[in-house]
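Enquirer: Sequence:
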Amino acid sequence: MFALRFASILLLVTSFVSAIPAPAGADVEKRSSTANVASVLNTLQGSTNSILPQINSLASSGTASDATVIPLVTQLIVAIDTAHASLGQLSPVPSRKRQSEADLAATVAGVITEITETLNGLPGVSEIPALPTLIIAVDTALQELLVGLDVVVAGILTLVDGLLVSVAVLLNSVGLGLVLILLGL
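If you use mature numbering (1 follows the signal peptide of the UniProt record, and there is no 0), the sequence shown corresponds to residues -19 to -1, 1 to 166, in order.
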């Protein structure tokens, strides 16, 4: 009999407690959307659009050297790593909110293509002895970015690899093997 009274009182109290709304300042995690991911990728694209032309200019003018290329490639790696870290702050995008997956894939594939073409335009190791180390660092950064992107937008790598099939040979010749392996190219 006592247990029945206790249970009814407990039920009454919990119904009032659950009806109280959370305070306005409570930490409520928002779901990520493709717009959040697009913002990260657009920022990366903006960074690469300012760095890559400088590297291309050095390559075409014949002034590319360790002294001139290393700082720019380091900036490129930092931009990629920053995008990866920003993606790490996002929660996975629900599948019902993926209207612009193809746009996201096109953006990241475009960035990778431009980076690959720029690295391919650099002179060889005789002018830039640090080039192999730089390429490995770029390859690692791109691979981490792609893994992070796939965590946030599951399955997007299938779209990205479809867009990069045409540059797979160039990816291989430049030495971006981690990207090739990840995408299955």
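No wet-lab data here; the hints were simulated from the structure. Note that this is a predicted model, so its numbers are computed, not measured. Please note that a few of the clues may not be correct.
Stated by the list, open to error - Pairwise CB distance ranges, derived in the manner of DEER restraints:
no., residue 1, residue 2, range
1, GLY158, THR55, 14 to 22 Å
2, ASP84, SER107, 34 to 42 Å
3, PRO110, ASP62, 36 to 44 Å
4, PRO75, PRO113, 35 to 43 Å
5, SER154, ALA16, 33 to 41 Å
6, ALA66, GLU98, 41 to 49 Å
7, SER42, ALA135, 37 to 45 Å
Each residue gets a CB set at the ideal place from its N, CA and C atoms; glycine is no exception.
Enquirer: A separate judgement is required for each hint: does it hold in the structure or not?
Expert: Status of each hint after checking the structure:
Range check, GLY158 to THR55: Cβ separation about 21 Å, and the 14 to 22 Å hint holds. At about 41 Å, the beta-carbon gap between ASP84 and SER107 stays in the expected band of 34 to 42 Å. Between PRO110 and ASP62 the C-beta distance comes to about 23 Å, which lies outside the given range of 36 to 44 Å. About 41 Å separates the C-beta atoms of PRO75 and PRO113, a value consistent with the hinted range of 35 to 43 Å.
Judged by the Cβ atoms, the range 33 to 41 Å given for SER154 and ALA16 holds: they are separated by roughly 36 Å. For ALA66 and GLU98, the Cβ-Cβ distance of about 25 Å falls outside the hinted range of 41 to 49 Å, so the restraint is violated. At roughly 44 Å, the beta carbons of SER42 and ALA135 sit within the given window of 37 to 45 Å.
Checked against the numbered hints above, the structure breaks hints 3, 6 and satisfies the rest.
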